[in-house]
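Visitor: Going line by line, the protein sequences match chains A, B and C. Each step along the first sequence adds one to the number in the numbering used here, with nothing skipped, and position 220 is 220. Each step along the second sequence adds one to the number in the numbering used here, with nothing skipped, and position 148 is 148. Each step along the third sequence adds one to the number in the numbering used here, with nothing skipped, and position 92 is 92.
Simulated from the structure, these hints should not be mistaken for lab results. Note that beta-carbon positions come from the ideal geometry of N, C-alpha and C, so glycine has one too. Watch out, some of these pointers could steer you wrong.
Some residues of chain A that are not near chain C, with every Cβ distance over 10 Å (derived) [as the list claims (entries may be wrong)]:
#1 S6
#2 A56
#3 S66
#4 K93
#5 F101
#6 K108
#7 K147
#8 Y200
#9 K248
#10 P341
#11 N342
#12 K381
#13 S399
#14 A438
Not everything, but these chain C residues come out facing chain A in the computed CB check (under 10 Å) [as the list claims (entries may be wrong)]:
#15 D4
#16 L31
#17 N57
#18 P81
Below, a list of computed lysine-lysine pairs in the DSSO-like style, where the Cα atoms sit at most 30 Å apart [said to hold, decoys possible]:
#19 K64(C) <-> K349(A)
#20 K262(B) <-> K179(B)
#21 K81(B) <-> K248(A)
Chain residues, written in single-letter form:
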Amino acid sequence: MTDYSSLTIQSAISGLRKKDFTSVELTKFFIEKIQKNNELNCFITKTFEIALKKAAESDERILKNSNRQLEGIPIGMKDLFCTNGVKTTAGSKILENFVPFYESTVSKNLWDSGAVMLGKTNMDEFAMGSANTTSFFGNVLNPLKPKSDKNKRLVPGGSSGGSASAVASGLCLAATGSDTGGSIRQPASFCGLVGLKPTYGRCSRFGMIAFASSLDQAGPITKSVEDAALMLQCMASSDEKDSTSSKKKIPNFLDFKKFNLKGKKIGIPKEYSIKGLNENIEKVWKNGTEWFKSEGAEIVEISLPYTEFALPTYYIIAPAEASANLARYDGIRYGFRSNEPNINSLYSKTRAIGFGKEVKRRLMIGTYVLSAGYYDAYYLKALKVRKLISNDFEKAFKSCDLILTPTTPNVAFPIGEKQTDPIEMYLNDVLTVPASLAGLPAISVSAGFNNEMLPIGLQVIGKPFDEISVLAAGSLIERFREF
Amino acid sequence: MEYFIQGEKNKWEVILGLEVHAQISSKSKLFSVAPTSWGGEPNSQVDLVDCGMPGALPVINEYCVEQAVLTGLSLNAEINKMSVFDRKNYFYPDLPQGYQISQFDYPIVGKGFIFIESEGKQKKIGITRLHLEQDAGKSLHDQDIKNSYIDLNRSGCALMEIVSEPDMRSPSDAAEYVKKLRSILKYVGSCDGNMEKGNLRADVNVSVRPFGENMGTRCEIKNVNSIKFIQQAIEYEAKRQVEILEKGQSITQETRLFDPNKIETRSMRGKEESHDYRYFPDPDLPPLMIESNTIEELKKKLPELPDKKKIRFMEELNLNEYDAEILSNDKETANFFEKIVHKRDPKFVTSWITGELFSYLKKIDKTIIESKVTTEKLGNFIDLIMDGTISNRQAKEVFEDYIRSKESAKDFIKKKGLVQVSDESEINNFISKVLQENPKMVDEYNKGKDRLFGFFIGQVMKLSKGKANPTVVNKILKEKLKKI
Amino acid sequence: MSIDNSTVKKVALLARIEILQNEEKILISELNNILGWVDDLKKVDTENIEPMLSVFNESMFMRKDDPKSNFTSEEILKNAPENSSGFFVVPKVIE
Ligand SMILES: [Mg+2]
Ligand SMILES: [Zn+2]
Numbered sequence: 001m002t003d004y005s006s007l008t009i010q011s012a013i014s015g016l017r018k019k020d021f022t023s024v025e026l027t028k029f030f031i032e033k034i035q036k037n038n039e040l041n042c043f044i045t046k047t048f049e050i051a052l053k054k055a056a057e058s059d060e061r062i063l064k065n066s067n068r069q070l071e072g073i074p075i076g077m078k079d080l081f082c083t084n085g086v087k088t089t090a091g092s093k094i095l096e097n098f099v100p101f102y103e104s105t106v107s108k109n110l111w112d113s114g115a116v117m118l119g120k121t122n123m124d125e126f127a128m129g130s131a132n133t134t135s136f137f138g139n140v141l142n143p144l145k146p147k148s149d150k151n152k153r154l155v156p157g158g159s160s161g162g163s164a165s166a167v168a169s170g171l172c173l174a175a176t177g178s179d180t181g182g183s184i185r186q187p188a189s190f191c192g193l194v195g196l197k198p199t200y201g202r203c204s205r206f207g208m209i210a211f212a213s214s215l216d217q218a219g220p221i222t223k224s225v226e227d228a229a230l231m232l233q234c235m236a237s238s239d240e241k242d243s244t245s246s247k248k249k250i251p252n253f254l255d256f257k258k259f260n261l262k263g264k265k266i267g268i269p270k271e272y273s274i275k276g277l278n279e280n281i282e283k284v285w286k287n288g289t290e291w292f293k294s295e296g297a298e299i300v301e302i303s304l305p306y307t308e309f310a311l312p313t314y315y316i317i318a319p320a321e322a323s324a325n326l327a328r329y330d331g332i333r334y335g336f337r338s339n340e341p342n343i344n345s346l347y348s349k350t351r352a353i354g355f356g357k358e359v360k361r362r363l364m365i366g367t368y369v370l371s372a373g374y375y376d377a378y379y380l381k382a383l384k385v386r387k388l389i390s391n392d393f394e395k396a397f398k399s400c401d402l403i404l405t406p407t408t409p410n411v412a413f414p415i416g417e418k419q420t421d422p423i424e425m426y427l428n429d430v431l432t433v434p435a436s437l438a439g440l441p442a443i444s445v446s447a448g449f450n451n452e453m454l455p456i457g458l459q460v461i462g463k464p465f466d467e468i469s470v471l472a473a474g475s476l477i478e479r480f481r482e483f
Numbered sequence: 001m002e003y004f005i006q007g008e009k010n011k012w013e014v015i016l017g018l019e020v021h022a023q024i025s026s027k028s029k030l031f032s033v034a035p036t037s038w039g040g041e042p043n044s045q046v047d048l049v050d051c052g053m054p055g056a057l058p059v060i061n062e063y064c065v066e067q068a069v070l071t072g073l074s075l076n077a078e079i080n081k082m083s084v085f086d087r088k089n090y091f092y093p094d095l096p097q098g099y100q101i102s103q104f105d106y107p108i109v110g111k112g113f114i115f116i117e118s119e120g121k122q123k124k125i126g127i128t129r130l131h132l133e134q135d136a137g138k139s140l141h142d143q144d145i146k147n148s149y150i151d152l153n154r155s156g157c158a159l160m161e162i163v164s165e166p167d168m169r170s171p172s173d174a175a176e177y178v179k180k181l182r183s184i185l186k187y188v189g190s191c192d193g194n195m196e197k198g199n200l201r202a203d204v205n206v207s208v209r210p211f212g213e214n215m216g217t218r219c220e221i222k223n224v225n226s227i228k229f230i231q232q233a234i235e236y237e238a239k240r241q242v243e244i245l246e247k248g249q250s251i252t253q254e255t256r257l258f259d260p261n262k263i264e265t266r267s268m269r270g271k272e273e274s275h276d277y278r279y280f281p282d283p284d285l286p287p288l289m290i291e292s293n294t295i296e297e298l299k300k301k302l303p304e305l306p307d308k309k310k311i312r313f314m315e316e317l318n319l320n321e322y323d324a325e326i327l328s329n330d331k332e333t334a335n336f337f338e339k340i341v342h343k344r345d346p347k348f349v350t351s352w353i354t355g356e357l358f359s360y361l362k363k364i365d366k367t368i369i370e371s372k373v374t375t376e377k378l379g380n381f382i383d384l385i386m387d388g389t390i391s392n393r394q395a396k397e398v399f400e401d402y403i404r405s406k407e408s409a410k411d412f413i414k415k416k417g418l419v420q421v422s423d424e425s426e427i428n429n430f431i432s433k434v435l436q437e438n439p440k441m442v443d444e445y446n447k448g449k450d451r452l453f454g455f456f457i458g459q460v461m462k463l464s465k466g467k468a469n470p471t472v473v474n475k476i477l478k479e480k481l482k483k484i
Numbered sequence: 001m002s003i004d005n006s007t008v009k010k011v012a013l014l015a016r017i018e019i020l021q022n023e024e025k026i027l028i029s030e031l032n033n034i035l036g037w038v039d040d041l042k043k044v045d046t047e048n049i050e051p052m053l054s055v056f057n058e059s060m061f062m063r064k065d066d067p068k069s070n071f072t073s074e075e076i077l078k079n080a081p082e083n084s085s086g087f088f089v090v091p092k093v094i095e
């Protein structure tokens with residue numbers, strides 16, 4: 001069998017068009033590869049039958065020349081997106097057996113574009129995590145290993161860890177992710193991929209299981225910037241089923257190719273040179289600025305003074321919203337129920353058993369910061385600081401067009417590390433959270449390696465709804481990096 | 001006279017504030033497209049939001065927003081151009097999201113007022129606010145010994161919570177307030193006002209204080225669903241509080257339940273403990289913005305409201321205050337009246353509606369709409385009285401039969417042989433006969449016993465089996481007696 | 001501000017999460033660590049700053065009042081742990 005592992009969406013589309021292979025052949029290849037790589041634990045649910053049926057339909061369309069944008073392209077769907085008739089768990093025991101009878105808008109858009117679902121990818125429980133170690137369905141492994149110790153297993157990042165690991169190991173051509181504080185960008189960075197979080201409101205949240213509604217945003221994890229543009233094109237829509245879905249016109253994201261960065265101002269925020277930033281990452285960041293310079297862009301130092309408060313702000317707002325969003329998991333209408341003789345013990349046992357440790361921790365924090373006497377000091381305060389953080393970006397974008405930063409302060413770490421102290425885990429998101437709080441589009445593109453040959457991602461943050469510039473900058477990184 | 005509770009030591013004033021929940025008469029729910037119609041199979045009118053499915057998102061119903069604005073305008077209230085939806089968090093089996101979407105700090109409607117007539121006085125009752133929120137589902141506890149059953153058909157239906165100032169001072173005030181509010185809501189069309197179906201229900205806040213003193217601790221009686229119960233609940237609760245206070249004890253602020261069978265209120269044990277609703281702005285819903293010109297457009301849609309209508313009835317139609325009040329306070333009655341009074345004598349029509357029609361409706365226990373009496377049916381009948389075809393007295397006698405019949409007024413009267421005799425020669429014959437048969441009486445009358453005139457009329461009517469037109473009889477009889 | 005036994009119990013009750021005796025101690029220390037860390041926000045001067053409710057600043061789409069029956073009661077009940085004659089079933093709730 002031909003090895004299709006290294007195909008991008010773009011090359012697969014051209015192969016399908018030229019009839020080098022069929023979608024069924026592609027799909028069969030990935031099915032086999034997924035089965036061979038069960039140890040990575042990328043998928044919670046495999047939907048091979050559906051995949052083969054859809055692939056066959058796509059092949060017919062291709063023969064009739066009526067192919068759609070992603071016709072016959074096998075992808076992974078993060079298990080946070082409700083899929084009609086296919087179990088959807090959000091990585092939680094509490095939804096262990098939940099089968100939606102409706103389809104999320106993002107997944108529907110992808111199926112309507114001809115994409116083929118191989119399965120539902122593993123994730124941190126309710127997207128709460130940065131290492132894919134909180135899933136009820138077990139840890140996901142990063143396919144990459146440190147050069148010096150090929151037995152060491154690393155985390156893929158999280159929460160879209162299953163998606164990232166699957167794309168990185170060639171188990172599918174692309175996958176969906178969701179990003180609340182970095183859950184697309186951080187695993188993309190850890191796995192050497194492209195991860196794009198669009199502007200808040202670009203992709204509909206309908207049918208996407210909520211973690212923190214004011215932050216959650218769907219986006220793609222792909223092997224190339226062009227693939228990310230293609231995926232986003234199909235995922236994005238103005239959706240009347242989501243009151244926070246933008247009515248702004250959706251551009252042709254592939255226009256990023258025509259976008260010229262010459263003369264554009266690239267902001268380098270001094271506050272992102274945080275303590276504990278890995279020196280390899282610092283170096284890659286420097287290289288990045290040189291690449292932009294050589295393309296004729298201007299590098300400007302900018303200041304985002306409230307950066308240091310972004311993480312605490314996030315860890316108040318996100319758990320607060322989650323504490324309400326996850327109240328519906330009560331064992332009554334669906335999901336796991338601990339059978340108890342009275343309703344209150346049914347609630348508290350169901351939720352004690354149904355949720356994992358990290359989720360419970362955040363629900364406790366979220367409940368606390370909203371409760372009487374603490375609301376003003378924590379939640380309201382956080383909303384105000386969020387405004388200041390957002391103002392930071394607004395001001396910065398008066399003197400620059402894009403912001404270039406590292407995606408993460410560190411590379412992928414071994415499974416089991418950073419597990420004892422929750423805060424240490426939270427620090428993973430320190431560079432991705434600010435853009436989330438401001439709702440801005442941001443991309444992570446793999447830009448280099450550390451001396452263990454582990455990938456390092458650079459993040460480009462753009463103005464609201466300016467995904468095209470962000471993609472263009474990502475594409476520049478892709479062209480200049482040395483691999 | 002002011003209402004008070006006479007305790008052993010003190011005269012107590014009763015302070016009342018009401019929170020009325022009115023279901024908006026929309027076809028679909030506040031945040032979902034599921035139908036709101038009454039009486040569906042359990043859980044058959046449920047969309048994703050209404051059962052709190054993962055990934056479900058609320059999308060607001062424009063009609064509900066408009067109805068809230070219209071209602072606000074009809075309560076003389078400020079409309080807030082920006083309002084915010086909040087989540088009110090608590091666990092209950094018929095609350096599927098684990099929170100109710102409501103409005104807390106920024107309601108859609110702010111301060112307003114209405115007037116009520118109570119205890120012979122007009123009183124102004126302040127409205128604190130009106131906000132939009134989701135209704136909960138229904139828990140059934142009596143189907144099974146061990147279990148409760150949950151139906152989510154009502155979950156997510158749109159409610160307006162209308163909060164009054166603590167401006168009421170008696171059970172009558174509270175009753176009149178609810179009646180007036182219901183009347184206004186029905187005029188506006190925002191709520192059908194049906195208390196039996198629970199489409200209008202009130203939470204009553206009761207506290208007592210010796211006259212002139214500071215506000216006491218209040219108790220909230222939840223979900224009282226009839227005007228009679230509201231009055232009974234207040235009476236019981238106020239007395240209970242007075243008894244406690246006169247014993248030197250204090251009132252614990254709590255939520256209570258009214259038991260209509262025992263006519264008493266009782267504490268809702270346990271349910272209140274550690275309530276902390278953790279309201280916060282719902283991140284699924286941007287602020288609700290209402291444009292000034294939307295408000296202006298809606299103002300134009302506002303119908304004539306009962307207070308204005310009453311004044312117009314008094315000024316234009318010359319009705320007395322009592323009649324004008326009862327003909328204007330119910331929208332359907334007012335519509336019926338206005339249609340039927342057109343080109344007819346207002347006084348006469350009024351007396352027929354407030355007299356015969358109302359007692360008939362009371363007897364069959366139906367509203368005008370439910371009774372299916374049309375303005376045509378009653379109007380044609382009234383016309384036949386007015387033009388003398390049938391006498392008023394006979395009309396009253398056969399009114400019920402007529403209303404129940406399917407015949408036209410003319411056919412009915414003909415069939416019953418009730419057509420009044422106004423023909424002068426025919427009446428002349430009746431009179432001649434009566435006078436001939438009673439020569440003695442004629443004699444006495446001529447000698448000055450005027451009162452006998454009535455006797456002759458009676459005899460003529462008897463002879464004509466009541467069909468003779470009294471006016472004509474009167475006229476001819478006078479002439480004839482003069483001649484003798 | 002720090003969380004003690006009784007606060008944890010209160011919060012756990014509000015969140016309807018049973019906390020076992022042996023989990024309580026470690027949870028208290030974790031929560032206190034996290035709260036101590038977010039306490040950093042106190043350093044920020046937020047006077048005259050409006051709270052940011054959402055980054056979304058477009059007007060809210062309003063739906064027309066067209067009722068639709070998108071789902072049958074069978075679908076709604078399909079995932080229920082317990083249901084009977086069209087209802088969700090829970091242990092008796094005493095009012
Ligand atoms: Mg209330
Ligand atoms: Zn309410």
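Visitor: May I ask which of the numbered hints given earlier this structure violates, with the numbers listed in increasing order?
Guide: 5, 8, 9, 10, 11, 12, 14, 15, 19
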